[in-house]
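Per the numbering used here, the very first residue in the sequence shown carries number 49; after that it's consecutive.
Derived by calculation from the structure, the hints in this document are not laboratory data.
You may find that some hints are simply not true.
As the list claims (entries may be wrong) - Below, a list of computed lysine-lysine pairs in the PhoX-like style, where the Cα atoms sit at most 25 Å apart:
| id | residue 1 | residue 2 |
| --- | --- | --- |
| 1 | K134 | K168 |
| 2 | K150 | K259 |
| 3 | K168 | K126 |
| 4 | K259 | K168 |
| 5 | K115 | K126 |
| 6 | K150 | K168 |
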Amino acid sequence: MRTVTAGLVIFDCDGVLVDTEPVSNRLLAEAIGRTGMPMSVEEVTEAFAGMRLQDIAAAVERRLEEKLPGDWVAAFEKRRAAEFRKRVDAIPGIADALASIKAAGIQVCVASQAAQEKTKLTLSVSGLITHFDEGALFSSRMVERGKPSPDLFLLAARSMGFQPADCVVVEDGILGARGGARAGMRVLGYAPDGKDGALAREGPATFQSMKELPALLGLT
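Let the hints inform the model, and build the full structure from the sequences given.
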């Protein structure tokens, strides 16, 4: 596996920094089910992985062939936030990886499809928020197009003062991997379950444990 170096590492949040996706997908399946369109957690995960919430709502409307209630997105976000306030676990090994990366003088930031408020909440509850400077949390709501567009990654790089070639993106999803590649950045794919086939086909080198990340960035 090729070793890469970077001045800035751009992390996705859900599934890369914090283990929030099981709860999010369960609540999303419940919310969609209440619209009259039953979906299992597995179906929701497969259909909407990595998508922005507003895009998910639009997709549900297309399937239903009718508009969702005006407060559907806000109500879902409120229920989800309440669950996250109870507990959010950091991805195993990520705290040590972040500490090693920053100790080497490499900057870090977050580029998430989710709203900044959600990112701040999950990073705070998990204890990871201290690893990120003020102004280092970027949301797809800051750009016109979310992942797989490169817009969010380019905004993050520009705001942090780096050229795309100096950035490495750490993603666990296909949409994010595509967006990072389209931004002209090197992408590392986090596949903890070992099922890295689809992600690897997007081009990034994949790895299974955050303990591997510092070495992949050329750190000892």
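Please work out if K168 and K126 have their alpha carbons no farther apart than 25 Å. Holds, at about 15 Å.
Is the straight-line distance between the alpha-carbon of K150 and that of K259 25 Å or less? Satisfied, since the Cα-Cα distance of roughly 15 Å is no more than 25 Å.
Is it true that the CA of K259 sits at most 25 Å from the CA of K168? Given that 25 Å is the threshold and the Cα spacing comes to 24 Å, the pair holds.
Pair hint outcome, K150 versus K168 [Cα-Cα no greater than 25 Å]: This hinted pair holds, its Cα atoms lying about 19 Å apart.
Do the alpha carbons of K115 and K126 lie within 25 Å of each other, as the hint requires? 20 Å, holds
Could you grab the alpha-carbon distance between K134 and K168 and see if it respects the 25 Å cut-off? It holds: about 15 Å lies between the C-alpha atoms, which stays within 25 Å.
The earlier numbered hints are all upheld by this structure, with none contradicted.
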